[in-house]
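Asker: Here are the chains, one letter per residue:
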Amino acid sequence: MPHIELRDVSLTYDTPSGRVAGVAGASFNVEQSEFVCLVGPSGCGKSTLLNIIAGFLLPTAGELRIGGKPVTGRDIDRGIVFQDFAQLFPWRTALSNVAFGLEMRGLRRPERERIALEQLRLVKLEKFAKAYPHHLSGGMQQRVAIARALAYDPAVLLMDEPFAALDALTRDDMQRLLAEVWHRSRKTVVYVTHNVAEAVYLADRVVVMSPHPGTVKCQLSISLPRPRDPLSVEFLACQKELLGHLTRPPEP
Amino acid sequence: MSTSADRPRSRWRVAAALIVIGALYEGVARSGTFPAALLPTLPTVARAMADGIIDGSLPAHALSTLSRVLLGLAIGIGIGLPLGVLMGRYRPVENFVLPLAGALMPIPSLAWVPVFILWFGLGNAAAVAIVTYAALFPMLLNAWSGVRAVNPIWLRAGSAMGAGEHTLFWKVILPGSLPFLIIGLRQAFLRAWIAVVGAEMLAASDWGLGWVIFDAKEFLRADIMLAALAVIGLIGFAFERLVFGSLERATVLRWGMVRAQEP
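Line by line, the protein sequences give chains A and B.
Each residue of the first sequence is one higher than the one before, counting from 1 in the numbering used here.
Each residue of the second sequence is one higher than the one before, counting from 1 in the numbering used here.
Watch out, some of these pointers could steer you wrong.
[Claimed, not checked] A short list of chain A residues far from chain B (calculated; beta carbon distances all over 12 angstroms):
hint	residue
1	15
2	55
3	81
4	103
5	105
6	148
7	176
8	237
[Claimed, not checked] Just a few of them, taken from the derived set where beta-carbon distance is under 7 angstroms, the chain B residues facing chain A:
hint	residue
9	151
10	153
11	161
It is worth saying that the hints were derived from the structure and are not from the lab.
In this text, a Cβ means the ideal position worked out from N, Cα and C, and glycines have one as well.
All chains, full assembly: derive it from the sequences and hints.
Answerer: Here you go:
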């Protein structure tokens with residue numbers, strides 16, 4: 001049984017100029033412990049789809065199941081990381097940000113601080129446990145956000161272009177770190193990006209989306225061995241193939 | 001951001017400005033252009049202040065003014081803060097309170113003095129009511145703005161991690177709106193402090209710095225009036241710097257939610 005199942009998921013918005021389809025009939029599965037990237041040009045509904053999986057938006061049609069159960073809203077079986085650095089609570093230290101989800105689960109302070117510190121160690125930030133977010137760089141803030149989303153041990157990690165606002169060098173480091181963290185935690189990950197190289201580096205499978213209305217165009221499995229070498233011939237060939245899928249006009 | 005090294009320098013600048021203004025005043029006062037009874041020299045004012053402090057009357061007046069302010073402020077914040085937060089959270093409350101606040105806010109608190117005297121009688125109750133009125137609106141409006149200015153991404157992150165409505169309020173919305181809440185507290189205190197002096201002149205009998213100024217007018221004691229004015233200014237300044245300044249440094253400045261003022 002797939003971990004996440006989407007069947008003909010659609011979402012239409014009511015706007016002053018009438019109904020607009022954000023997502024139209026999207027269907028795909030995500031297996032247990034699989035890393036799936038949603039890739040597509042802006043306006044293809046990939047972030048909308050992620051928000052539907054997160055439970056922030058309810059689909060107007062279709063079905064979404066996680067672990068076989070229909071999704072009706074937010075739940076703590078999903079952790080989420082946004083693109084915006086401001087997602088951390090500025091009034092809480094890195095440690096206390098990471099501990100927030102554990103606090104919500106009613107864990108006692110020593111216990112949740114122990115787990116939070118462990119998670120910070122996973123993203124190599126244990127030295128900055130007592131720092132407030134505004135003293136951390138953008139890349140460090142995103143690492144805290146990843147630790148925070150993993151700390152309460154959700155089965156699914158949802159990521160909405162978490163590294164898009166970082167400089168290229170930091171982004172490479174972060175991708176390497178995330179691949180490592182995922183490898184160790186074996187979470188099911190749905191990762192939204194518009195960066196082809198990033199998708200090829202991270203994903204087991206790429207779901208390619210096309211806009212107007214947002215729908216699944218095709219899916220591409222990436223079976224390159226890990227850790228992946230972005231300069232290898234196979235990697236570049238994969239990147240080329242994915243780019244081809246993205247730019248090819250849809251079949252009539 | 002102002003560093004700790006900048007602070008002594010800004011203090012020097014404040015001191016320099018005060019000395020220049022003091023010297024100018026002293027020059028005019030000693031020139032004899034105006035009668036000395038109307039424009040007393042600084043040593044005379046200092047002597048009046050020292051006399052008041054030594055016989056204990058000035059501290060007693062200051063204390064009664066301060067207690068009126070703190071009581072009125074507490075009531076004003078006690079009403080304005082929760083009501084403002086509710087306005088920011090719930091549309092019907094906003095729809096009901098906002099037009100009301102819009103209509104009442106432009107009325108100067110001193111315009112209410114005769115009305116409050118009629119309702120509460122001369123004395124403390126009327127003065128406290130005026131202070132409450134003055135403190136209420138800045139707190140209300142800032143709490144309202146603060147709640148609406150909370151970054152929506154904090155709410156989404158919080159609820160994604162399992163925070164319910166109640167927890168979101170205490171652990172996200174309240175700290176998230178703190179920059180505005182502190183501005184609200186500051187402005188409420190300032191308005192209350194301004195209002196209390198006027199209220200005491202008209203409504204309170206016998207005690208309070210406002211009453212001291214008003215009473216000194218009867219005896220043409222400009223030195224006492226100026227001494228009382230100086231005490232009013234000093235207490236207000238001390239509150240602004242010590243209470244609200246340290247509150248800000250311990251919270252929103254430390255968290256990087258607001259930037260430090262340039263000295």
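Asker: For each hint, tell me whether it holds in the structure or not.
Answerer: Hints, one by one, checked against the model:
Against chain B, the non-interface label of residue 15 of chain A holds: every CB pair exceeds 12 angstroms, the least being about 20 angstroms. With a minimum CB-CB distance of about 8 angstroms to chain B, residue 55 of chain A fails to clear the 12 angstroms threshold, and the non-interface call is violated. Consistency note on residue 81 of chain A: stated as away from chain B, yet its beta-carbon is not over 12 angstroms from all of that chain's, at 9 angstroms minimum. Distance to chain B contradicts residue 103 of chain A as a non-interface residue, since its nearest Cβ pair spans about 8 angstroms, not more than 12 angstroms.
Some Cβ of chain B comes within 12 angstroms of the Cβ of residue 105 of chain A; the nearest lies about 7 angstroms off, and the non-interface call is violated. For residue 148 of chain A, the shortest C-beta to C-beta distance to chain B comes to about 7 angstroms, within the 12 angstroms cut-off, and the non-interface label is violated. With a minimum CB-CB distance of about 25 angstroms to chain B, residue 176 of chain A clears the 12 angstroms threshold, and the non-interface call stands. No beta-carbon of chain B is positioned within 12 angstroms of the beta-carbon of residue 237 of chain A; the least distance is around 37 angstroms.
About 6 angstroms separates the beta-carbon of residue 151 of chain B from the nearest beta-carbon of chain A, less than 7 angstroms, and the hint is met. Residue-level restraint check for residue 153 of chain B holds (minimum Cβ-Cβ distance to chain A is 5 angstroms; threshold 7 angstroms). Hint status for residue 161 of chain B: holds, given a least beta-carbon distance of 4 angstroms to chain A, under 7 angstroms.
Violated hints, in rising order: 2, 3, 4, 5, 6; the structure is consistent with all others.
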